[in-house]
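2 protein chains.
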Amino acid sequence: MSALLIKEAALVLFAEKGYDGTSLAEIADEVGLKKQSLYSHFKSKDDIFIQLLTETFVIEYEREKEFLQTHFADPLFDYLWKSLRNYTERYQTDSRLKFWLRLSFFPPYHLHDQVMQSLYAHIQQVDALYLQRFEQAVANKEMKEENAQTATIAFSALIDSICVELVYGGKEKAETKLQAVWTVYWNGIT
Amino acid sequence: MSALLIKEAALVLFAEKGYDGTSLAEIADEVGLKKQSLYSHFKSKDDIFIQLLTETFVIEYEREKEFLQTHFADPLFDYLWKSLRNYTERYQTDSRLKFWLRLSFFPPYHLHDQVMQSLYAHIQQVDALYLQRFEQAVANKEMKEENAQTATIAFSALIDSICVELVYGGKEKAETKLQAVWTVYWNGIT
DNA sequence: GTCTATACGTTGATAGAC
DNA sequence: GTCTATCAACGTATAGAC
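Protein chains in written order, with my numbering: chain A, 121 to 310; chain B, 121 to 310.
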């Protein structure tokens, strides 16, 4: 059994049931092992979790960076819209997104500070990517001659609200909300 | 020891550490009892939780309703702005808000369906309150002759994003975000 | 109502045979 | 690397003395 498969199983369970709600026995069971055998691959439950969290931030950042590079030349409208749709599309199938939403919001109590520190760094990096595109948009006069910072912050808030809806409302409700929010947002920045 | 005080202690702990992260021993300890004594007041841990959740939805709805009645005649701008500031003001001191955010997003796994059912009903009720005011605003020409429904949904999304920021960013970051989001939102609906 | 005592499963984790 | 055996600590919950 590879450590990778164990982590994948853990990712799904953590995303679905939270850290405290997931036991090592469940994780082991999912990959057909006894819980004791997990200790050949990880030195503790925290170890599994921290590894997953770290990897997740790397993966998510790379995804955003690649997205920016691929779509930088697209019109602002398309760029932002595609970026948003990305979330609703992925949420259903991608446990990693669920994992990071859930465990960033509400990390295990004893790891709170550590998680938050990583989270802030990640958000800052991602916001910086979007800011680049918004500054370009201001220069191109694709949007109101307003603070690109404001548009960035509001856009990241928009993503947050969609994620919230995905978490408790599911995809259909999120799509409805996305449409309303997007209308107002685009109106607001142009 | 009154059941009320026990529930208050449980509320704070659930809000801070989640359902699985909070033990009956901690709750009891907080009010100076042994964990076994809690069973004189509640028949299970779930019982405490469900009571808190039910009460919370009632209290929050009453709060919103009263707010609407008190400020219905205010200009739309003031009405919405005050409503938003309410969240950032309360979040620091009011554990009930934290409780409902956390436990609605991520309820204990075995109570997921039950919690979600109550949550949807609550959200629907609150959205209906806001919709009333937005329809009035359209009639008053306080905003663009657009769908009041869209403005309502977008506003509730706005609240969500502020709550997210309150959860993981704290009050200061939430204030910054609020300002940016509000600028774009108001621009977007007028 | 609160306590002590207790039951009993589950938790994360370690030791050692194979 | 995986297993069995084992552990101490903690989880929720019950019974019964006071």
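Among the hints, erroneous ones may be present.
In this list, chains with the same sequence are indistinguishable; a pair is considered to hold if it fits within one copy or across any two.
Unchecked claim - Distance condition first, Cα-Cα at most 27 Å in a straight line; then the derived DSS-like pairs of lysine-lysine: (1) Lys-293 - Lys-264; (2) Lys-155 - Lys-261; (3) Lys-163 - Lys-185; (4) Lys-261 - Lys-154; (5) Lys-137 - Lys-261; (6) Lys-218 - Lys-293; (7) Lys-185 - Lys-264; (8) Lys-165 - Lys-202; (9) Lys-165 - Lys-137; (10) Lys-127 - Lys-202; (11) Lys-154 - Lys-202; (12) Lys-163 - Lys-264; (13) Lys-218 - Lys-137; (14) Lys-137 - Lys-127; (15) Lys-137 - Lys-163; (16) Lys-264 - Lys-127; (17) Lys-165 - Lys-291; (18) Lys-202 - Lys-137; (19) Lys-155 - Lys-137; (20) Lys-291 - Lys-154.
In case anyone wonders, no lab produced these hints; they're calculated from the structure.
To see whether the hints hold, each was checked on the structure:
1. Only between protomers do Lys-293 and Lys-264 lie at most 27 Å apart by alpha-carbon distance; the minimum there is 24 Å, versus 30 Å within a single protomer.
2. For a Cα distance limit of 27 Å, the shortest separation of Lys-155 from Lys-261 qualifies neither inside one copy, at 58 Å, nor across copies, at 64 Å.
3. Proximity of Lys-163 to Lys-185 under the C-alpha cut-off of 27 Å is found in neither arrangement, the shortest distances being 32 Å within a copy and 52 Å between copies.
4. In the homo-oligomer, the alpha carbons of Lys-261 and Lys-154 never lie at most 27 Å apart, since the shortest distance is 60 Å inside one protomer and 66 Å across protomers.
5. Taking the closest pair of Cα atoms, Lys-137 and Lys-261 never come within 27 Å of each other, the shortest separation being 46 Å inside a single copy and 47 Å across copies.
6. With identical chains, the CA atoms of Lys-218 and Lys-293 are at most 27 Å apart both within one copy (16 Å) and between copies (23 Å).
7. In the homo-oligomer, the alpha carbons of Lys-185 and Lys-264 lie at most 27 Å apart inside one protomer (25 Å), although the nearest pairing across protomers, at 37 Å, exceeds that limit.
8. In this homomeric assembly, Lys-165 and Lys-202 never come within 27 Å of each other (Cα to Cα): the closest approach is 37 Å inside a single copy and 44 Å across copies.
9. For the homomeric pair Lys-165 and Lys-137, the shortest alpha-carbon distances inside one copy (15 Å) and between copies (18 Å) are both at most 27 Å.
10. In this assembly of identical chains, Lys-127 and Lys-202 lie within 27 Å of each other by CA distance neither inside one copy nor across copies; the values are 30 Å within and 45 Å between.
11. In the homo-oligomer, the alpha carbons of Lys-154 and Lys-202 never lie at most 27 Å apart, since the shortest distance is 43 Å inside one protomer and 55 Å across protomers.
12. In this homomeric assembly, Lys-163 and Lys-264 never come within 27 Å of each other (Cα to Cα): the closest approach is 53 Å inside a single copy and 59 Å across copies.
13. Taking the shortest Cα distances, Lys-218 and Lys-137 sit within 27 Å of each other both inside one copy (11 Å) and across copies (19 Å).
14. Proximity of Lys-137 and Lys-127 under a CA criterion of 27 Å is satisfied in both settings, with 15 Å inside one chain copy and 24 Å between copies.
15. Taking the shortest Cα distances, Lys-137 and Lys-163 sit within 27 Å of each other both inside one copy (22 Å) and across copies (24 Å).
16. Proximity of Lys-264 and Lys-127 under a CA criterion of 27 Å is satisfied in neither setting, with 46 Å inside one chain copy and 51 Å between copies.
17. For the homomeric pair Lys-165 and Lys-291, neither the shortest alpha-carbon distance inside one copy (31 Å) nor that between copies (32 Å) is at most 27 Å.
18. Taking the shortest Cα distances, Lys-202 and Lys-137 never come within 27 Å of each other, neither inside one copy (30 Å) nor across copies (36 Å).
19. In this assembly of identical chains, the alpha carbons of Lys-155 and Lys-137 lie at most 27 Å apart whether taken from the same copy (18 Å) or from different copies (25 Å).
20. Within a single copy, Lys-291 and Lys-154 get their C-alpha atoms no closer than 36 Å, and across copies no closer than 44 Å, so neither meets the 27 Å cut-off.
When each numbered hint is compared with the structure, violations occur for hints 2, 3, 4, 5, 8, 10, 11, 12, 16, 17, 18 and 20.
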